[in-house]
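Peer 1: Line order of the protein sequences matches chains H and B.
Numbered according to numbering that gives the first Met the number 0, the first sequence spans residues 0 to 154.
Numbered according to numbering that gives the first Met the number 0, the second sequence spans residues 0 to 154.
Treat the hints with caution; some may be incorrect.
Identical chains blur together in the list; that is why a pair holds if it fits in one copy or across any two.
[Claimed, not checked] Computed cross-link-like contacts, DSSO-like style, restricted to lysine-lysine with a CA-CA straight-line distance of at most 30 Å:
1. Lys34 x Lys137
2. Lys89 x Lys40
3. Lys32 x Lys137
4. Lys34 x Lys136
5. Lys116 x Lys79
6. Lys40 x Lys136
7. Lys136 x Lys32
8. Lys44 x Lys32
9. Lys136 x Lys120
10. Lys34 x Lys120
11. Lys32 x Lys120
If you are wondering where the hints come from, they were derived from the structure by calculation, not from laboratory data.
There are 2 protein chains.
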Amino acid sequence: MKNLLFIVALLPCLLYAQSNFEPTDGHPNPDEKEKIIAATKTFSKAYMNGDFETIANSYTVDAKIFPNNTDIIAGRAAIKKQWLLGAGTKILHHEIIPQEITFLGDYAHDYGYFEGKSENKDGSIANWRGKYVVVWKKEDGNWKMYLDIWNRIRD
Amino acid sequence: MKNLLFIVALLPCLLYAQSNFEPTDGHPNPDEKEKIIAATKTFSKAYMNGDFETIANSYTVDAKIFPNNTDIIAGRAAIKKQWLLGAGTKILHHEIIPQEITFLGDYAHDYGYFEGKSENKDGSIANWRGKYVVVWKKEDGNWKMYLDIWNRIRD
Chain H
0 MKNLLFIVAL LPCLLYAQSN FEPTDGHPNP DEKEKIIAAT KTFSKAYMNG DFETIANSYT
60 VDAKIFPNNT DIIAGRAAIK KQWLLGAGTK ILHHEIIPQE ITFLGDYAHD YGYFEGKSEN
120 KDGSIANWRG KYVVVWKKED GNWKMYLDIW NRIRD
Chain B
0 MKNLLFIVAL LPCLLYAQSN FEPTDGHPNP DEKEKIIAAT KTFSKAYMNG DFETIANSYT
60 VDAKIFPNNT DIIAGRAAIK KQWLLGAGTK ILHHEIIPQE ITFLGDYAHD YGYFEGKSEN
120 KDGSIANWRG KYVVVWKKED GNWKMYLDIW NRIRD
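Please take these sequences and the hints and turn them into a complete structure.
Peer 2: Structural data, given as structure tokens:
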């Protein structure tokens, strides 16, 4: 009887350990994966719409971004300011194409490609592609970017 | 008595959950943090020595790197080939300066700065600084880079 009680008592522990120790690429967290993919689509839409408030809210309060040719930019307010620097460029298309999302409790790391098309002030059109690594963190139940770094792919 | 047994049985579970659920910036994993810092120093030394075997072994077998102006490069063999492209440049100095290392079980994410000095084939000297995000993964008990992405800072 004591042994049985012991096993029963340990059972949630073992299940818990299993669910948290094994990094999961989407499975068995399909809902969480969908939520992150939805967050990337929200970001792209906001970027195309010039909605810098939504862009800023895609990041945790303590997020860090790593744009080319600058120092690390830390904090949601500074990140918003950084994205606002590009406000003069019209984003005609933006898409994020994750290759793998690995969940580790309230964090996930994600890497993949992005592509876009923009119209400069002089009317010229640019097509660009790049790659990224993002560390996501759950903030108040929502997946937000904690670390966001990217660079370009030569066309 | 049954209650006591129940609590005793759950105790390792609670301690285990505590140790794995709380992401830790070095604490209470000072040894693990030291191991990662040692791995960055090993990488820098190998880079300065042109030791491409050690560079390749700084990565997991399934690692991905994200150099500027290329697609994602996957796998240790392809990564070694990529680093070998720079074999003509003499690396006089290389240092990695982590800003934060967060441990999540057998993974850790790390971001920071790097700096270096190199001598090109024509004898000209270049100083450069950049920033990076690395996702580390334990492979056979050793911390190795699983994702490695970086870009430059304008001087």
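Peer 1: Okay, which hints does this one fail, numbers in order?
Peer 2: 9, 10, 11
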